[in-house]
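S.K.: Spelled out from the first residue to the last, the chains are:
Number of protein chains: 2
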Amino acid sequence: MKKAFKLIKKDKQTDARLGVLKTVHGLIKTPTFVPVGSQATVKGLTSSDLDEIGIDIFFVNTYLLYLRPGEEIIEKLGGIHRFANWPKPIISDSGGFQVFSLAKKENKVKIDYQGVTFTSHLDGSKHYFTPEKSIQIQQKLKTDIMVAFDQCPDYPSSYHQAWLANQRTHRWAKESLKTAQKNKDQLIFGVIQGSTFKDLREESAGFINDLPFDGLAIGGVAVGEDKKEMRQVLDWVTPILKNDKKYNYRPLHLLGVGEIDDIFAAVEKGIDMMDCVMPTRLGRMGYILTREGKDFKIDITKNEFSQDKSALDSQCHCYVCSNYSKAYLHHLFKAHELLAYRLATYHNLCFISNLFDKIKEAISKNKFIALKEEWLKKER
Amino acid sequence: MKKAFKLIKKDKQTDARLGVLKTVHGLIKTPTFVPVGSQATVKGLTSSDLDEIGIDIFFVNTYLLYLRPGEEIIEKLGGIHRFANWPKPIISDSGGFQVFSLAKKENKVKIDYQGVTFTSHLDGSKHYFTPEKSIQIQQKLKTDIMVAFDQCPDYPSSYHQAWLANQRTHRWAKESLKTAQKNKDQLIFGVIQGSTFKDLREESAGFINDLPFDGLAIGGVAVGEDKKEMRQVLDWVTPILKNDKKYNYRPLHLLGVGEIDDIFAAVEKGIDMMDCVMPTRLGRMGYILTREGKDFKIDITKNEFSQDKSALDSQCHCYVCSNYSKAYLHHLFKAHELLAYRLATYHNLCFISNLFDKIKEAISKNKFIALKEEWLKKER
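Each protein sequence line maps, in turn, to chains A and B. Residue numbers are given in our numbering: position 14 of the first sequence equals residue 14, and the series is strictly consecutive. Residue numbers are given in our numbering: position 302 of the second sequence equals residue 1302, and the series is strictly consecutive.
Derived by calculation from the structure, the hints in this document are not laboratory data. Owing to the predicted nature of the structure, the values given are computational and were not obtained by experimental measurement. Check each hint, because a few of them may be wrong.
Chain B is faced by these chain A residues, among others (derived, beta-carbon under 7 Å) [claimed, not checked]: (1) P69; (2) P87; (3) K88; (4) Y128; (5) Y155; (6) Y159; (7) K228; (8) W236; (9) N323; (10) H336; (11) L339; (12) L376.
Using N, Cα and C, we set each Cβ at its ideal position, and we do this for glycine too.
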């Protein structure tokens, strides 16, 4: 366990906290948002864009990169940072989640106690992932943060299925750690599962918390459950983690969560990092994040924007908002122009990045609750 | 006639020349390449990108912008420059070429002596373009350079068809000029047609040359004829233009041409401006312009590039070549990632822009032929 995380400040009213996570590719100031760049690219954006936006770290997908171009090629090319021209931190998932989502669509996933046999969604070829294999791939990618191989149970799950997934996740956590233990330059995060069952979540939190991971992640959320259930998971898990002194030098990541209200709920519970496809995927669909829209978004393809000279968000100062109008974005989307997806993605990530800046500032001034109320009261 | 063009220098060995074209949105140093941004966007690129690349002017499509978003909307939004956030010059075509290509696919184009009835390729609605209408649309767009409404005959054309297209083109040229005559801020170029018939080309060159256009354009090339035929058109037309003193204060644009060998052939004959979808369209298809490839291009999707650490072009210093490898571009194309099209487009335009810089430098030193030989000998 590397104690790479340093707690800087705790909010006085909530569990929100400021911290710094140290990696060989630089510092990550938390709480932070981690955009998803599954195939070693945040869709449509260059590394200079991400830097301009203020992104500190992005998430790559072990399953996808293993299938294409292959971790061996990325290793030969000098690792994921050189490959993607991104000198700052990168986190890779374990591949587990995608095995159980993408590959499962092929209906050919077989789980045993040692690992998972699956069929590539690209070419139908057969593959076998074990914790050892997952970590070895992530080692070849040379990401800064690896994630232990886990089983994310379906939603909804029967108690028995969720219990079984816990058993495997815990065994695989230890095996992942074992393979990772000689790593000097890579951190490894363990994943807490347990579906929507209180005792299984508590069991998993306790078990994973006791292992010498460099950071912890809460998985199996944002898989179809409603917001209330998701927040309940945080209520069950975080008290157990908080009760341990390791809590102060270990970052806590929430996997796959990123809607605005969820961001506030998660940070309030002590979440330090969270990733989500929401801002980028919504952007490509024409949904623009803005404080002026219902639930913080507008559908720019709607006719009402065809002659709107104003910026996407009146308070945003990003490149897109400084240079282009809603009417132009509307036109680009209507005309199916490539630039549409790029500009919307850029702005949406800026919007989220700016929000996290505001959150950090609020925590530093013990005003997190005030910020949350300012944002959520009006809009919902 | 505005005499907006100033001849700076003539090459001693050829008709290649350096010039400056003045518009209300700034100067254009010629010879120059004009990328195509049909729908008010050069596909995938921002105006900052174009500026970085060194682009002075781009080409928008009157037919497409008339159909979507509509010239009225662009006018209300302050004109095409504000709409597309591009403070430098913009040229619009007359819409004629697209009426005869895009709309024709619907098989519903009817030409009469006054204009053209056509069916929108977007929604099947009926429209009628006359020279007056075309210029009025371009006036509302507020482009810096308008193009007279013309009829581009099919390739191949019968002599009679080409003759008829000439008659219309010439009548429409005068009508276009009439509608444009009060324009202070917009230049207008006349178009020479005549298909592949020597006497019709000469007739058209003479007729259009005699009208008080601010610039001339050669149309009806790169429509299916072979390179030899295309160059023959230049051989027929340019002597007639050169024989007139207006030649020295009127720029000459070649419509739709832009392959590397054609660029040299055209500049050698005195062409000052040329537009082509080639660098941008090829880029989106995975063809990367580079001096190291056969015919100046490589297909980056080929397996041989999957582990190639080198830059797209060893002599190019653009953002893409300075930051990304062939292997990464290969991966992006294979993975159908948005960034692929953007980076390839960016580099390809840089490659062409750099070539025109070299051409300008060579003309200034009377070394145009040497440059042409250096480029074309080795590669073809």
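S.K.: Evaluate each hint against the coordinates.
M.R.: Do the hints match the structure? See the list:
About 5 Å separates the beta-carbon of P69/A from the nearest beta-carbon of chain B, less than 7 Å, and the hint is met. Of the supplied interface hints, the one on P87/A is violated, with its beta-carbon coming no nearer than about 11 Å to a beta-carbon of chain B, more than 7 Å. Hint status for K88/A relative to chain B: violated, with the closest Cβ pair at about 14 Å, above 7 Å. Violation of the interface hint for Y128/A is found here, the shortest Cβ-Cβ separation to chain B being roughly 23 Å, above the 7 Å cut-off.
Interface restraint check: Y155/A against chain B, minimum CB-CB distance 28 Å, threshold 7 Å, status violated. Annotation: Y159/A was flagged as interfacial toward chain B, and the flag is violated, the nearest CB pair being 39 Å apart, outside 7 Å. Given hint, K228/A at the interface with chain B, is violated; its Cβ is 35 Å from that chain's nearest Cβ, farther than 7 Å. Contact between W236/A and chain B, as hinted, is not supported at the beta carbon level, the nearest pair being about 38 Å apart and thus beyond 7 Å.
For N323/A, the interface hint holds, the least distance from its beta-carbon to any beta-carbon of chain B being 5 Å, beneath 7 Å. For H336/A, the suggested interface contact is broken, since its CB lies about 9 Å from the closest CB of chain B, more than 7 Å. Below 7 Å, beta-carbon pairs count as interface contacts, and L339/A has one with chain B at about 5 Å; its hint therefore holds. Against a cut-off of 7 Å between C-beta atoms, the interface hint on L376/A is violated, since the closest Cβ of chain B lies about 32 Å away.
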